[in-house]
Amino acid sequence: MAAQLRARALGLPEHPVVVIGHPLATKNHSQVQELVKNSLEELVHGLVSGTANRSEPIRNAEASTRVAEDKKNGSRLQVEGSISEINSYFYERGWTDGLPIIPPLEDLVLEMLQAAPRSAEQSLGKMSPLNGTVTVEKVAINAVMAGCKPEYFPVVLAAVKAVLQPQFNVGSITTTTGGAAPVVIVSGPLAGKLGIHSGTAVFGSGHRANATIGRALRLTMRNLGGSIVDTMEKSTHAWPGKYTMCFAENDARNPWEPLHVELGFGPETSVVTVAAARGLHTMMEGTQETGMGALETLVKSMTAGGISGYYYQRWGASYVVVLGPEHAAEIAAAGFGRTEVKQYLFDNVRLPVSDLKHRGHWGARCWPTEYEGHGDDFLVPLVADPDKFLLVVAGGDGRHSSWFQAWSATQRATQVIEASMAFEVQETT
Amino acid sequence: MAATVTTVLHPAAEDTAQKHALAPRLPSLQGITLGLIDNHKKNADFYLGELGRRLQEQFGVAKIITYRKASQSMPTPADVMDDLAAKCDAIVHGVAD
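Residue numbers (my numbering), protein chains in the order written: chain D, 1 to 429; chain G, 1 to 97.
Warning: the hint list may mix true and false statements.
Computed list of lysine to any residue pairs in SDA-like fashion (alpha-carbon distance at most 20 angstroms, straight line) [said to hold, decoys possible]: (1) G:Lys41 - D:Thr26; (2) D:Lys71 - G:Thr16; (3) D:Lys72 - G:Gln18; (4) D:Lys37 - G:Asp38; (5) D:Lys37 - G:Gln58; (6) D:Lys37 - G:Glu50; (7) D:Lys37 - G:Gly60; (8) D:Lys37 - G:Arg54; (9) G:Lys42 - D:His358.
Quick partial rundown of chain G residues pointing at chain D, CB under 7 angstroms, derived from the structure [what the hints assert, rightly or not]: (10) Thr6; (11) Val8; (12) Lys19; (13) Arg25; (14) Leu26; (15) His40; (16) Glu50; (17) Ala70; (18) Ser73; (19) Val95.
Hint data in this document are derived by calculation from the structure and do not stem from the laboratory. All C-beta atoms in this analysis are idealised placements derived from N, C-alpha and C, irrespective of residue type, glycine included.
Okay, chain D solo, but in the shape it has when bound:
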């Protein structure tokens, strides 16, 4: 059970937990009173005569898990049988996403590590919710399993470091029912050199770098953070981004400055940006002939019921908007730069209070206090400020664009990709 596992990860395996039973939200008041009555004895027992009776304070350490000195390198496991049997061994232990893995043999892991700008034993942090220590070697093991080529490894490391930035709130991305998964966007010259796909079927299958970099991040979250169904993973539905979701900007067809330059990095720097999303929405506009027409249709696709961002915008989550190159060209030709597109979306992606009231997360809404008291006609924006739209140009021919619905209790994170001193990226031909 999740609460007990989390308590164990925090070093308190004996912490008393009283289970009320899901769902609490749909019970009426007399049913909730009955639950209180029924749980009272167990709860009082936990406070008054729990299983332990010692004298140390309850809050006494930040880091509650650590890697023992003799475990600074991952254990070597002897597994008997064929490749298929090794896959079953990994699957049965909850170490895979259900797809086959490349067995992480020592020489393959070593090859991966040689592409790293850091030493194998170095810790990048703790992966919440179960707080496993994320060593460079553990990431390399999961990258091998995911099928990464060694030259992708600096990108994987940057993505892992990005999700470990505190504002990304990676543990809650696993434990939410909202089905969040990281969207990994690579921007900068390294994306093209590594063959990270940015064109036709950009979110589709068949692109090794995209598929395996995103998968390596997800396997790392699974194996170090405990992102596993029936324990810490609680998504009602989730979406295929829980397997992998990684892509690059389409530099050749981007009418504006690159994303990483907009974010304040130099043109020669390559960065990974992660944003937590609940899913991918596509929109089509093939009749309107101007960029304004495309923008108007995009706005309409983003103003619908059931989008949590309208209620939870104060946390500052980013909505990733991916313009197809044709729409991007039309919008640029209509005189819009990146800033103007984001401002247009901020001004127009709004719903009246009357559409939001007593629906969705109304009772738990968390928006700027100045929105209150304006009446039912007040137009609530999807995000708190225009910069919370993350604008990317990617995809192939066709008059389609997409947007990722943000999961709300997170902020995006960007990490520079550190090149290895001992490793030079080969130009792809």
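With chain D fixed as given, assemble chain G onto it according to the hints.
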């Protein structure tokens, strides 16, 4: 024929949890200050309110301090936890839904 044995590396966490002792359980709830952390899920406030009321009426809890998290998906801020830990004899924290 002998079965093939392959050496692979362990992909998951191998951390050793540093086990902390629980705070001593209370002799009774009589006269204590109890903290309640509401995770902002629907009905958590009503459940904890009722719980507090019963604990005051039936078990002699003297004072209830309630903190409502801004979101179920955001951790309780460290300064709030420090404040509650300083003021309360025990805390009941609602999690999940």
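Taking the hints in turn, this is what the structure says about them:
Between Lys41 (chain G) and Thr26 (chain D) the CA atoms are separated by roughly 11 angstroms; this keeps the pair inside 20 angstroms, and the hint holds. With a CA separation close to 9 angstroms, the supplied pair Lys71 (chain D) and Thr16 (chain G) stays within the 20 angstroms bound. Among the hinted pairs, Lys72 (chain D) with Gln18 (chain G) is consistent with the structure: their alpha-carbon atoms are about 16 angstroms apart, no more than 20 angstroms. Only pairs whose Cα atoms come within 20 angstroms are accepted, and Lys37 (chain D) paired with Asp38 (chain G) is accepted, the gap being roughly 18 angstroms.
Between Lys37 (chain D) and Gln58 (chain G), the direct Cα distance comes to roughly 11 angstroms. Compliance with the 20 angstroms bound is thereby established for this hinted pair. At most 20 angstroms may separate the alpha-carbon atoms for a hinted pair to count; Lys37 (chain D) and Glu50 (chain G) meet this at roughly 9 angstroms. Using a Cα cut-off of 20 angstroms, the hinted pair Lys37 (chain D) and Gly60 (chain G) holds, with the two alpha carbons roughly 16 angstroms apart. Pair hint Lys37 (chain D) plus Arg54 (chain G) holds up; C-alpha atoms about 8 angstroms apart against a cutoff of 20 angstroms.
Of the supplied pair hints, the one linking Lys42 (chain G) and His358 (chain D) holds, its CA atoms being roughly 13 angstroms apart against a limit of 20 angstroms. At about 5 angstroms, the closest approach between the beta carbon of Thr6 (chain G) and any beta carbon in chain D falls short of 7 angstroms, and the interface hint on this residue holds. The beta carbon of Val8 (chain G) comes within 5 angstroms of a beta carbon in chain D, closer than 7 angstroms, and the hint placing it at the interface holds. A least Cβ separation of about 5 angstroms between Lys19 (chain G) and chain D falls short of the 7 angstroms threshold, and the interface hint therefore holds.
A least Cβ separation of about 4 angstroms between Arg25 (chain G) and chain D falls short of the 7 angstroms threshold, and the interface hint therefore holds. Interface hint status for Leu26 (chain G): upheld, as the beta-carbon distance to the closest one in chain D is roughly 5 angstroms, under 7 angstroms. Taking 7 angstroms as the C-beta contact cut-off toward chain D, the hint placing His40 (chain G) at the interface holds, the least distance being around 5 angstroms. A least Cβ separation of about 4 angstroms between Glu50 (chain G) and chain D falls short of the 7 angstroms threshold, and the interface hint therefore holds.
Because the closest C-beta pair between Ala70 (chain G) and chain D is about 6 angstroms apart, less than 7 angstroms, the hint holds. The criterion of a C-beta within 7 angstroms of any C-beta in chain D is met by Ser73 (chain G), whose closest approach is roughly 3 angstroms, and the hint holds. The interface hint given for Val95 (chain G) holds, since its Cβ lies 6 angstroms from the closest Cβ of chain D, which is under the 7 angstroms cut-off.
Checked against the numbered hints given earlier, this structure breaks none of them.
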